[in-house]
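Chains as they are written, first to last, in this note's numbering: chain L, 1 to 279; chain Y, 1001 to 1361; chain S, 2001 to 2287.
Between beta-carbon pairs, the in silico distance windows are:
hint	chain 1	residue 1	chain 2	residue 2	range
1	Y	G1169	L	G103	35 to 43 Å
2	L	A272	S	I2073	30 to 38 Å
3	S	S2180	L	L262	44 to 52 Å
4	Y	A1361	L	R195	49 to 57 Å
5	Y	D1172	L	E97	28 to 36 Å
6	Y	P1095	L	L145	47 to 55 Å
7	S	A2046	L	T69	37 to 45 Å
8	S	S2180	Y	S1022	45 to 53 Å
Listed below are several chain L residues computed to face chain Y (Cβ distance under 7 Å; list not exhaustive):
hint	residue
9	L182
10	E184
11	A185
12	L187
13	D188
14	A191
15	P203
For the record, the hints were derived by calculation from the structure and aren't laboratory data.
Ideal placement from N, C-alpha and C gives every residue a C-beta, glycine not left out.
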Amino acid sequence: MSKAPLVWKLYIAAFYIFLFAPLLVVAIFAFNASAFPSPPWKGGTLEWFIGSGAVFGKPGVLMDPIWLTSIGNSLKVAVPVAVLAVLLGTINAWVLERAEFRGKTIVAMMMLWPLVIPGVILGISILAFFSRVANGLEELLQTDLDPLRPGLPLVVLGQLSFILTIATLIIAARLRKFDRSLEEAALDLGASRSRVLRTVTLPFLRPALVGAGLVALLMSFENFNTTLMLVGSDPPLPITMYGQMREGATPAINAVSLLLMLGVGGIASLFALTSKAQS
Amino acid sequence: MRAAMAPSSDLDLLSVTKKFGSHSAVDDVSFSVTQGDFFSILGPSGCGKTTLMRMIAGFEHPTSGDIRIRGKSMVGVPANRRPVNMVFQSLALFPMMNVGENVAYGLTCRGVGKAEAEQRANRMLERVGLKGFAERRVTALSGGQRQRVAIARCLVLEPTLVLLDEPLGALDLKLREHMKIELKQLQSTFNTTFVYITHDQSEALVMSDRIAVMNQGRFEQVGSPRELYHHPATPFVASFVGETNRWTGEGTGGTRIRLASGGEVQGVELSHAKSVVCFVRPEAIALSSSEESLSSLPNRFAGRVSAVLFDGANSSLLVEAPGFEQPLRAVLPQAGPLAGIEVGAPVHIGWTADAMRVFAA
Amino acid sequence: MMPARKLALFLLLAPAVLWLGLLILLPHVEILILSFSERVGPRVYAFGLGNYLEFFTEPLYWRTFARTAVMSILVTALTLVLAFPIALYIARVAQGRLKAMLLLLCLLPFWVSELVRTLGWMMLLRETGLISYLLQRVGLASQPVEMLYNDGAVILGLVYGGLLFMIVPLANALESLEPSVVEAGYDLGGSRWTVLRRIVIPHATPGIVAGSIIVFMLTVGNFATPVLLGGKNGLWFTEQIYAQFITRFNWPQGAAFGMLLLVLSSVIVWLGLRLSGQSLGTTLRQA
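Same shape as in the complex, but just chain L:
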């Protein structure tokens, strides 16, 4: 189609440059042999990935305990969030697609709700509510209830509050496409209910379960707004990045960003593959 006017095509080209320019800059300067993440270009180095700090005074990402613990904290949040999102999302999808009860439309509407609430507000409301619960319970039980105070467990709950909606929607969409007569056929051939679930229904849902898990992992790893309100003394990766960006950082932050981009790229292409298998 060469009918489109030249101006339009130029605009498209400019748009894609605009889209990728910031990412390219971040990636390229991860290899700059300079103590600052800015031009001029002083030659290539891997110091910001694996350096011990001997050259520029600050260590590279994979040698720096600050970055490593942040990544660890992010994993401590992301893995439970993904597991819970898939588990509970499957049950929710079942409620949406299979159960029949009064007030179902209300429940279905409410499940969409978290998507239209700003993340900051999700964060503060959960913070305030759980503090009240903790205060009440601690008085009652005379013990400390640290998991209800800002910290990683609360971050898990905060992220789950909206990631669960997304997981539910992904799994419900797949369940909707399921032909119920497959389950009846399996029953008819003598399978027990649990066997039907294990051999027919869950294998059918598997691409969506994997997809929902990957999306949940990714969203959790990158969430900033809700996490910021609920974080305690163990900052996950985005919080550490935010702190470093405010204070001015070494090119180690570029290195960590590049690693993040590669990880995201990997997960995104896995997700694309599973959703291709779905259709």
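Put chains Y and S on the given structure of chain L with help from the hints.
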């Protein structure tokens, strides 16, 4: 006692009723199917035949009445414990398994070892003409092959009864004609009792040993295809099974009937009813170019050809005749002298008194 | 039979009830209550409208609020205008592999963390950044140019972050337009512009509304972009909420701000739906 009078029937339904709210989907239906029969339930969509079949399979539970298989009551027995297997309308082949795994599925559910199940599945595939297909994906099969996998998946379990829920509906016309014959042959080689539901009268007539015609939750008539065709018990059966001409009229007290459109026709039975419906099959109507050759027939009319419906051996004519509101349909033998008749040509038609079925309406 | 069914339904519903109850509903009730409580002494609170009064009497607060609202609307409009030609190209001009490719390239940057994208813009725009450096090298500037920490940078970052959420619903809506309808438009004597205005844009309305609502909500609720790209001049309302909650530990005030932000985004979304005659259900489905 019971052992001595072992039932010869594989399936008995005793006054089975199924209500959804106040609506009776199946209303007091009783019948028996003898061992090895190909039994069809024929009816328009919404007549309750699917509900009936789902009750036999165990997916619905009768509101009242009893379902017995080989004399054993199935009430309260869940679907996965019944000696009944079903071929679904959508076939419901498991897309996450290959052909062999589909056929072996029921065997492994029964606890048959993997190796033996595989072997038996392969043998079954061979018997239905799918040797070497075990490793194929079910999505890579043609319509007819999928059909055979669905049937093999049931037959490998050696069920007392195989239920088939309009499995030919999704196939194109040519393949459907072919599968009718194949299904009938499969049934007779395995000598398994088949209960087949369909809304297509030609499927039922071609394949069945016996047919039940179902309408609005009730059985109108149960009989052989010939009985249903030649001796329909109700107006519904007469019009639903096979092509027919249909008129309404009123009885005269004698054997004559005055049609609403003005004509008069001659039946056999005396009819006093104020309003009646009469049916005559197209092949029972004789055609001739001269009136004399039909002189022995009590019903004789002169008319004009209004359309020629050429369809090879199934060709017929529509004839307009005074006293009839609609044109009459008559079979046009392609070997006869009138084979070349054109629209507008005058023609004489006639039929015997006993060719006409008359019911009080 | 019946009790077993009830139990099964109960067990199925339990996660949803716990989730929506404990993580959404009750927390929102909590900040609603909190927003109406005033500190009358150390650790003593009473019901009152003080937090809301404080908002209206302190110019910094309501100015930040108004600024956030106006700039979010501006960003949404800008995003729409910039995204429309792209969506139109992807949906109606590009074919086959090129189309899939363009859409994928559009999606890719948005899988990457918001912070990484913001870092990119900081590295481009700041005094010691790439653009400033290049300007000096080619001689267009004699000293470092600071392009960060102003409204332009904030708007740029927010528009960048919103583009994908505009392009996808727009492209979906434009995709469903029958080519023959467009051809009929030309055939009946319409110019390029009339066809666009009378046929293409009305057809894309559901997509435009969906995209605009999502972009608006993301923008209004954004935190990192205005703070990092705007610095002291960022002045975003979410920052005020953060400051009250975390820095000043004045939770009732922060809760009142949170409620105000929630009301703002709901009202604007509702107005948008009313003005365009769309419903929330169909809009969410579009997205």
